[in-house]
Structure formats: structure tokens, C-alpha cells
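K.L.:
Using the sequences and the accompanying hints, generate a full structural model.
Throughout the sequence shown, residue numbering follows UniProt numbering, covering 1 to 415 in sequence.
Source of the hints: derived by calculation from the structure; they are not laboratory data.
Be aware that one or more of the hints could be misleading.
Unchecked claim - Restraint ranges, calculated between C-beta atoms of paired labels, are given here:
| no. | residue 1 | residue 2 | range |
| --- | --- | --- | --- |
| 1 | Asn284 | Gln82 | 41 to 47 angstroms |
| 2 | Pro295 | Asn368 | 27 to 33 angstroms |
| 3 | Asp269 | Gln82 | 25 to 31 angstroms |
| 4 | Asp269 | Glu229 | 37 to 43 angstroms |
Stated by the list, open to error - Here are the simulated BS3-like cross-link-like pairs (lysine-lysine), alpha carbons at most 25 angstroms apart as the crow flies:
| no. | residue 1 | residue 2 |
| --- | --- | --- |
| 5 | Lys230 | Lys215 |
| 6 | Lys171 | Lys93 |
| 7 | Lys171 | Lys215 |
| 8 | Lys81 | Lys261 |
| 9 | Lys93 | Lys81 |
Note that beta-carbon positions come from the ideal geometry of N, C-alpha and C, so glycine has one too.
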Amino acid sequence: VHIVTTASLPWMTGTSVNPLLRAAYLHDRLEIINNKHNNNNNKSNQNKKDKYDTANNNTNTTRSSYVTLVIPWLELPEDQKQLYNGRVFNSTKEQEEYVRDWLLNSANMDHASQNLNIVFYNARYHSDLGSVFAMGDIIQALPQDEPLDVCVLEEPEHVNWFRAPGQGWTKRYNYVVGIVHTNYDQYMKQHYSGLWSAPAIRLISAAMVRAYCHKVIKLSDVVQEFAPEKEITSNVHGVRQEFINMPMPIPIPMPVYYIGKLLWTKGLDLLLEYEEYYKEISGNYFAIDVYGSGPDQLDISRAFLGRDAAQRTRANITQYKVFVNPSVSEVLCTTTAEALAMGKFAIIPVHPSNQFFLRFPNCLGYRNPLEFVANLQWALTHDPTPLTDKVAREFTWEAATDRFLEASSITHREA
Numbered sequence: 001v002h003i004v005t006t007a008s009l010p011w012m013t014g015t016s017v018n019p020l021l022r023a024a025y026l027h028d029r030l031e032i033i034n035n036k037h038n039n040n041n042n043k044s045n046q047n048k049k050d051k052y053d054t055a056n057n058n059t060n061t062t063r064s065s066y067v068t069l070v071i072p073w074l075e076l077p078e079d080q081k082q083l084y085n086g087r088v089f090n091s092t093k094e095q096e097e098y099v100r101d102w103l104l105n106s107a108n109m110d111h112a113s114q115n116l117n118i119v120f121y122n123a124r125y126h127s128d129l130g131s132v133f134a135m136g137d138i139i140q141a142l143p144q145d146e147p148l149d150v151c152v153l154e155e156p157e158h159v160n161w162f163r164a165p166g167q168g169w170t171k172r173y174n175y176v177v178g179i180v181h182t183n184y185d186q187y188m189k190q191h192y193s194g195l196w197s198a199p200a201i202r203l204i205s206a207a208m209v210r211a212y213c214h215k216v217i218k219l220s221d222v223v224q225e226f227a228p229e230k231e232i233t234s235n236v237h238g239v240r241q242e243f244i245n246m247p248m249p250i251p252i253p254m255p256v257y258y259i260g261k262l263l264w265t266k267g268l269d270l271l272l273e274y275e276e277y278y279k280e281i282s283g284n285y286f287a288i289d290v291y292g293s294g295p296d297q298l299d300i301s302r303a304f305l306g307r308d309a310a311q312r313t314r315a316n317i318t319q320y321k322v323f324v325n326p327s328v329s330e331v332l333c334t335t336t337a338e339a340l341a342m343g344k345f346a347i348i349p350v351h352p353s354n355q356f357f358l359r360f361p362n363c364l365g366y367r368n369p370l371e372f373v374a375n376l377q378w379a380l381t382h383d384p385t386p387l388t389d390k391v392a393r394e395f396t397w398e399a400a401t402d403r404f405l406e407a408s409s410i411t412h413r414e415a
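P.N.:
Next comes the structure, spelled out in C-alpha cells:
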């Protein structure tokens, strides 16, 4: 299985972290499946078992992974400095070591950190679009002596916008699954050219996804329709184990927080309206800590600091019990998933991007300012429901891998 994405650590963005964790957990899962399959075959024939054991005595420590992560290598040092907080790698080997170290120490995935295959393709960063694009045919960067069986394209529209000449993905692979991460329609509207470029991007994206994928997984229905006969909606992302059902602290005087990119388009203008509405009803603004950075940081800081709020840059979110997120621009919000996994209340709008979260007991959905205020007042005066093991597992990458395998499967008729 080859998992191809458009970003890499140390850029801590969703399209670098989530594909990496998907590859690592899929590596572990396929190791279990294939080892079990081999063991069952070996039990049926003792002679074959003896030969298998003898052959693997010398090769077990160098066994190749069933999964290969394909990530961009930024050719220009200035691109690396811009995306990697000033850090520059001298070689792909050096960056690969960084990725493996993160898997080991931050994700606690010892086996995957050592055995997951990692391949780089040359790429450059387009600062105006805030995106990385390949400089050449990605398929040519892959080992040519390996059979190309299954490919997972993370952001299939993005991967194919500027495709180099060569055979298409569906020509080289037996089966191609695309996972749509980003609402590029909304993303393009945030740029000065969005009024004319957004419709064009919709058409191009639909064409690219239809042409190069056998199956398309949308994280939520907030994204456009690409190929209805190939599509399925499923949250195939999880959160790291450190967030799962973290013990709740004693509430502090400021128990509400927001964390995310500081853009007005993330719904922070609505949050100001909710502050005013809350004051009309209760007589006071509700206290909130705002964490993050972004292009609108200065204006947002000025707006919120005039109320009972504080803007912070470093998050210690374990101390809070209520997370608010008014944004409807994400496809699926990671910070909402993390808050619910930690056993906090999450107050979010009823919206297709939040459909996965609304079924959980500590998720308080609202449709208007009155419902927002009612949910917030209830959350401030109650304790979150402790997560059962069954509910907590829904947020894990193990469960996300289950959902991915189910969503990406096809019937014999479809094949």
C-alpha cells in the first residue's frame, strides 16, 4: 500500500500528521493480518512451516513494511525555512530520521517508526496558495521494481492539479482510494481571486478525482460532490492516544477555550456576536481563552480583549472543561475531536462538517445564538459525562483504521 500526501513533518498540518498516522497504524494492522495469514497457512503444512522458520531466522529483522508513505521533499531551503519554523534539512535521510523520531516519541509507535517505508518526491511550496506541489511525476519517484497494488491519495484533487506527463494512477495501480481533506471551494474564496477561481477549482477538482480514483472517501459532506457513484462519507481520522479520556481537572475560573487558526473566517466574528448575546441574557460576557496564531491575529486580539477574554499563544488545554468552536469552514475539525476525546464539552454548530461529533454525549450542538447561550450556561454548571471504553475507542486511530478499511472496500460487482 502506498500512501501519497502533499505535506510532511515538521510542518504540523493535517495533511502531514494524519497521513503519517494512517500509514503507521495501517502498517501495524497489515503486519497482524499477514502474520496471522502466514501462521494459518503454516499450521496446515508442517513441512512448509519448517522451511518458513528456517528462511526467516536471518531476515526477520530487515523485513519490509507492507506500507510506504510517500511525502514531499522541499528542494528549496527557503521553502523549508518558511514551513518548518526555520529548520532546514540537508538531505531526505535527515528528514526521514525526524519523521521516524516523531513516530517513536510523540505517537509511541515503536514498530512503525522502525519499519514503515518512507519515500520522497521533489516538490516546492507555493506561498500564494499555501500549498506544496510536486516537481515531476510522483510515480517515477517510487521503487520501480515493486508491484504497484493499492494507492491512497491524500487530497487527490491537490495531488493532481499540476500533474506531470506520465501514466495515471489508475493505470499504474490496481486500486486507488482518494481521501478528501480540504474544502478547497471555501479555501479559494478566502483569496482575492476566489470569486472567479473557486468555480474553476470545483470543476478541475471533480475531474481529477473522477479520473484518478476508484473510490473516494469524504471526511464530511461539507465538501463538494466529486463522483457520486464512487463516493462515501466517513471520518477516517483519529486522535493520538495521549488525548483519549484524559482525567478532567478541577475547573478553573476561566473554563472555556478556543484553539485554532486566527482567521475571521473560522467563525470568530460569530463568537463576538455570541458574547454580546450572552451579555444581554446574563448581564456579563463569558470568559474565554483564545489560543492560536494567524493573519487576523492582531484584529482578533483587539476585538476580544475588549471583552472578558484573553489571547494566548501557548496552549495548556488540559485545564479546561468547555471547548467552543463556531467554525464551519473545516471539513472535519481535529481540535473538536481532541476536546471530545479528552472528555470535555464541545459546543459546535449543527453543520455537515460536525455530523460525526454530534452523536457523542458531551457534544452540544446549536443552530442559533439562543441555543449557543443555553448550551454554554448548561456546560458551565454541569460536569461532562465520563467516556465509556466503547465511546472513547471511537476517537482512536485503531477505530479510524477500521472505518478506513470498511469505507475503502468494494464488492466484487463494483470491481
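K.L.:
Each hint should be assessed against the structure and marked as holding or not.
P.N.:
Status of each hint after checking the structure:
1. Take Asn284 and Gln82: their Cβ atoms lie about 42 angstroms apart, and the range 41 to 47 angstroms holds.
2. A hinted range of 27 to 33 angstroms holds for the C-beta pair Pro295 and Asn368, which are about 29 angstroms apart.
3. Distance hint check for Asp269 and Gln82: the Cβ-Cβ separation is about 28 angstroms, which falls inside the suggested range of 25 to 31 angstroms.
4. With their beta carbons about 38 angstroms apart, Asp269 and Glu229 fall inside the hinted range of 37 to 43 angstroms.
5. Of the pairs offered as hints, the one joining Lys230 and Lys215 holds, with about 5 angstroms between alpha carbons and a cut-off of 25 angstroms not exceeded.
6. Taking the CA atoms of Lys171 and Lys93, the gap is about 30 angstroms. The hint is violated against a cut of 25 angstroms.
7. Taken as a hint, the Lys171 and Lys215 pair is honoured in the structure, with Cα atoms around 15 angstroms apart against an allowance of 25 angstroms.
8. For the given pair, Lys81 sits about 20 angstroms from Lys261 by alpha-carbon distance, which is consistent with the 25 angstroms threshold.
9. Between Lys93 and Lys81, the direct Cα distance comes to roughly 17 angstroms. Compliance with the 25 angstroms bound is thereby established for this hinted pair.
Hint compliance for this structure: hint 6 alone is broken.
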